[in-house]
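Got chain H; can you put chain V on it based on the hints?
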Amino acid sequence: MDLEYSPEYRAFRDEVRTFLDENKHRAPNAARMIPGRPNSPKEWQQLLIEHGYAARTIPKEYGGYGAEPDILKTRIIAEEFARARVPTGHSGDNRLVPTVLELGTEEQKQWLVPPSVRGEMTWCQGYSEPGSGSDLASLSTKAELDGDEWVINGQKIWTSGAQNADMMFCLVRTEPDAPKHNGISYLVFSMDTPGIEVRPLVSMMGDAFFNEVFFTDVRVPKDQIIGKRGEGWFVANTTLRYERGGLGDPNEAENRLNRIVDMMKRETVSGERLIDNPIYRDRLLKLQGQILAMKFNGMRVLSHNIKGEEPGMARWIVKLNGCELNHQMAGLAIDVLGELGLLYDGSDYLRDGGFWQARYMLDLGLIIGGGTAQIQKNMIGERALGLPKEPKVEAA
Amino acid sequence: MDFALSEEQRMLQDSISGYLESGCPLTRVREVAEEREDRADDIWNELTNLGVHGVLVDEDYGGVGLGRLEASLIAEALGNAVAPVPYVASSIMAPTALAAAGSDEQKEAWLPRIAGGEVVVGVGVSEQIGRRETEGVSSTDGKLNGKAMFVLDGGSADVLIIASDDGAMHLVEPNGPGITRNKLKTIDRTRTVAEVVLDGAAGDVLPGSVGDREPLLTTIDVGRVILAADTLGAAQSMLDKSVDYAKERRQFNRVIGSFQAVKHMCAEMAAELEPCRSLVWYTAHAYSAIPEEGRLMACHAKAHLAEVGKFVARKSTEVHGGMGITDLLGLHYWFKRIGFNRQLLGAPELVREEAARVQEWV
Numbered sequence: 002m003d004l005e006y007s008p009e010y011r012a013f014r015d016e017v018r019t020f021l022d023e024n025k026h027r028a029p030n031a032a033r034m035i036p037g038r039p040n041s042p043k044e045w046q047q048l049l050i051e052h053g054y055a056a057r058t059i060p061k062e063y064g065g066y067g068a069e070p071d072i073l074k075t076r077i078i079a080e081e082f083a084r085a086r087v088p089t090g091h092s093g094d095n096r097l098v099p100t101v102l103e104l105g106t107e108e109q110k111q112w113l114v115p116p117s118v119r120g121e122m123t124w125c126q127g128y129s130e131p132g133s134g135s136d137l138a139s140l141s142t143k144a145e146l147d148g149d150e151w152v153i154n155g156q157k158i159w160t161s162g163a164q165n166a167d168m169m170f171c172l173v174r175t176e177p178d179a180p181k182h183n184g185i186s187y188l189v190f191s192m193d194t195p196g197i198e199v200r201p202l203v204s205m206m207g208d209a210f211f212n213e214v215f216f217t218d219v220r221v222p223k224d225q226i227i228g229k230r231g232e233g234w235f236v237a238n239t240t241l242r243y244e245r246g247g248l249g250d251p252n253e254a255e256n257r258l259n260r261i262v263d264m265m266k267r268e269t270v271s272g273e274r275l276i277d278n279p280i281y282r283d284r285l286l287k288l289q290g291q292i293l294a295m296k297f298n299g300m301r302v303l304s305h306n307i308k309g310e311e312p313g314m315a316r317w318i319v320k321l322n323g324c325e326l327n328h329q330m331a332g333l334a335i336d337v338l339g340e341l342g343l344l345y346d347g348s349d350y351l352r353d354g355g356f357w358q359a360r361y362m363l364d365l366g367l368i369i370g371g372g373t374a375q376i377q378k379n380m381i382g383e384r385a386l387g388l389p390k391e392p393k394v395e396a397a
Numbered sequence: 068m069d070f071a072l073s074e075e076q077r078m079l080q081d082s083i084s085g086y087l088e089s090g091c092p093l094t095r096v097r098e099v100a101e102e103r104e105d106r107a108d109d110i111w112n113e114l115t116n117l118g119v120h121g122v123l124v125d126e127d128y129g130g131v132g133l134g135r136l137e138a139s140l141i142a143e144a145l146g147n148a149v150a151p152v153p154y155v156a157s158s159i160m161a162p163t164a165l166a167a168a169g170s171d172e173q174k175e176a177w178l179p180r181i182a183g184g185e186v187v188v189g190v191g192v193s194e195q196i197g198r199r200e201t202e203g204v205s206s207t208d209g210k211l212n213g214k215a216m217f218v219l220d221g222g223s224a225d226v227l228i229i230a231s232d233d234g235a236m237h238l239v240e241p242n243g244p245g246i247t248r249n250k251l252k253t254i255d256r257t258r259t260v261a262e263v264v265l266d267g268a269a270g271d272v273l274p275g276s277v278g279d280r281e282p283l284l285t286t287i288d289v290g291r292v293i294l295a296a297d298t299l300g301a302a303q304s305m306l307d308k309s310v311d312y313a314k315e316r317r318q319f320n321r322v323i324g325s326f327q328a329v330k331h332m333c334a335e336m337a338a339e340l341e342p343c344r345s346l347v348w349y350t351a352h353a354y355s356a357i358p359e360e361g362r363l364m365a366c367h368a369k370a371h372l373a374e375v376g377k378f379v380a381r382k383s384t385e386v387h388g389g390m391g392i393t394d395l396l397g398l399h400y401w402f403k404r405i406g407f408n409r410q411l412l413g414a415p416e417l418v419r420e421e422a423a424r425v426q427e428w429v
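Same order as they appear, the protein sequences are chains H and V. Throughout, our numbering is defined as the position within the first sequence, counted from one, plus 1. Throughout, our numbering is defined as the position within the second sequence, counted from one, plus 67.
Just so you know, these hints were derived from the structure itself, not from any lab. Idealized CB from N, CA, C, for every residue including glycine. One thing to keep in mind: the hints can contain errors.
[As the list claims (entries may be wrong)] Quick list of the computed label-pair ranges, beta carbon to beta carbon:
(1) V:N249 / H:N306: 50 to 56 Å
(2) V:G85 / H:Q47: 51 to 57 Å
(3) H:F235 / V:R381: 38 to 44 Å
With the rest of the complex left out, here is chain V:
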């Protein structure tokens, strides 16, 4: 028993963070955001070389076959750098869905290409958590009808995995007949979401998800843990920036960090955020090691990080004073990233309700 990262896990963290420090500066994030690009190709390619897209893919399929804790450590580093690349859906949820429910042919067709960074996979499961602006997605005789909203990483994805209301998941060609894809503009320009209208579109169902909601629920759980980890990294960055700023900025002939009003905002951010690290580690680890706790912990990690992230995003902006709300400073990229993570795959109130059901309180 040792509640700590292993040497290998720390090295993984260092290698991803080390690369992003030089490879993903704010200037690069800004270029991608201002040009409304779907992703930064240079960063994507280097992450491919580092094995990021294959983190959960078995070695048999060309991945590195690590666990969810490693996947969440990567997410934390990506959130810390607000890296404009698909990850949560394409590199994590899609391989999870394929591994849990895909046929051998489907796995062979897609997992090596995911791990090799050759394809981006969008994942549309929002309707199975809460429907907004859609009546859902139906599946009849291999044909899909309806509308999938907020398809994650769906902007220019090469292939989509869409969940239908019966819990089955389907591989869908986004440019095939009967499909209209429309990118949605969100506050966060570092990730993409799309609406996908399905009008008799052909779907290649993941056979293990037919008549069994478990693969879908697992896919959502893992996505939630990754969004929580992304928020952890983004919020830590906002805290670090606040502390640095409070040590430099002078008013009344003192650095502002010597005023308790400012110091206490920083301390409150740290006090809220620090336990989140352990919650994310435990959750990511427990999902494989203590499976009976996995779903409850995924709900709590998602909801709690959403709350703490919101708190840190607000306080950090305040510590920076007027500069905090400028485009020039760029702090808003982290603010918006945290906001995005909060609403996707279930806002905290909805996810806590799930936690109540998981515990059979209601």
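In isolation and in its complexed conformation, chain H is listed as follows:
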């Protein structure tokens, strides 16, 4: 264990702190942001890249800051942003960009990564279908090669941000006769392509965060495929791995916990500070212990990753625990606010701009999205603990 801060790192921390002091007022409101997604204003993102606080390790030639991976600097940035209650920047799209950097051609990297990192090319993910949720590999949206173009027909669902996204990365069935995992390809294309229809799917939050996307003879150039034909499942798993990491970011969780601490010191019920209520306080402290454990687990995973080691169990649990803790935190914030916790939609007396109400619902969605909690438990059980799969049931 070496958690020492050498003078270089102490100086770096000072630098980040100074930056945040001077620029905090320009930071966007974090209420409905999913960590790591490019929904912060472009100017803020640009400022962060210039200083190396966003897209830090993405090579310069692809629009990043081009720093060597440095676990401690990464941690210091995350800690200082959390301390300042300022949302972090992004690295383009934390699902697509790492995938393209790992598996894309040089041409694809040049085409897709720099504008994504700048926030000028935004993405939506075309994975789930009405008949293929947890059993994603059974997907049936098909793409057939016609000359130099793929022709796509079918439907996607739960496509968050599709109405605003510039591009989609999409799983389609290109080899209908192959076993289900081997018949899928990973295509990228503009959402302006003729034949794409986006229909909003209003969520319990009252907004159309999700969409249905319909494809009718959508024609996409043949070379807009990441990886080879029929290898889309492997490519997608690369992406899911990055998304799962992002969904359970422990520094973001600590940031939120600090906000609840502040609120509980500030707000009162019958003249008593919320934090002076022993039952509220104990719930808060329980969560703090869990969040600290996940924070250190994250440091351990990061240390493994930097050394090129497989983190094992420490990695498998991040999505499951991180999303659950976020949901519990929002639940605590609402509970301690009591009746005030019911206010919504910009009502009078609304606290924290409605952040907690939005998160309580959105975070429940994130427990389900990106691989449900139950699918996560299957993976922990089967891949990490080596328990056998359920017996296969023959298709009817």
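Okay, now just chain V, sitting in the frame of chain H:
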């Protein structure tokens, strides 16, 4: 910066676990428990040879002078094997108290004998966390009065360190005049606790603890980290046993681990337990490296491991079905060890309240 164990630390882990695998089988634990022995002498002696009792004792006093992270790795291995030997008080809290507050003479008298496995030291600090069945321990003119409850490793300890209500710590001869020691029977027969009634008993005060509660608080903090590490090891063992059992036991013509109901219990145990490893490592390391976080982290490690340990102990027993609650299987030794660790040195609710005070929330 590297959040990982060093090569030396992994070797230490392997050597202790490797020995306990052969030297501390369930049959040996059962013998000690059924005979109500205070400790397994054979295991104690071999641990002495491995340097366990001197892990925190400076080399000047015959120890190996390692850190709290190494001490917690040993605790994890001992918990994993439910080893029936004194450790948390005798090998960890006592040397911590002596190093923090002892005079040179006291250190010279006791530290080499602790490191050499020649003495067992019981530590009585429970009253300074929460008094039950006692009004506490007072100290006047070198005489101690009152009652110390739940003196850790106190069953047949050769010497005791008892904290009085002013925060001072005193070396006490358990068989001296004015002292009555009574072993208490707990659910966990792998460690001992005693009540010690003091009626004008002579105490040899650790001078550094007079007028300064810090040595006492440090001693409690370190004890809490070690109990947390012990629970980590015990709970990991219960998880491993559950997974092994779920891979073997068949019902409805399938191994039960292929049922999601059982698989998910195992996954939940793993998901709760895995981050605890990092929490314990960080806490044990931070206590020296990032001292301003030490007390808060010790509180959180103690409380969080108590909660996760309880969860794992319950789920693991359920995975084993009816066998889980039998004496025959012996899983209960781990269940009880985790239960013991939860209540000693502050149950989780009390320790979390301390965490609130440390952060000045109240």
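For each hint, the structure was consulted:
1. In this structure the hint that N249 (chain V) and N306 (chain H) lie 50 to 56 Å apart at CB holds, the actual value being about 54 Å.
2. Separated by about 56 Å at the C-beta atoms, G85 (chain V) and Q47 (chain H) satisfy the suggested range of 51 to 57 Å.
3. Between F235 (chain H) and R381 (chain V) the beta carbons are some 39 Å apart, a value that agrees with the proposed interval 38 to 44 Å.
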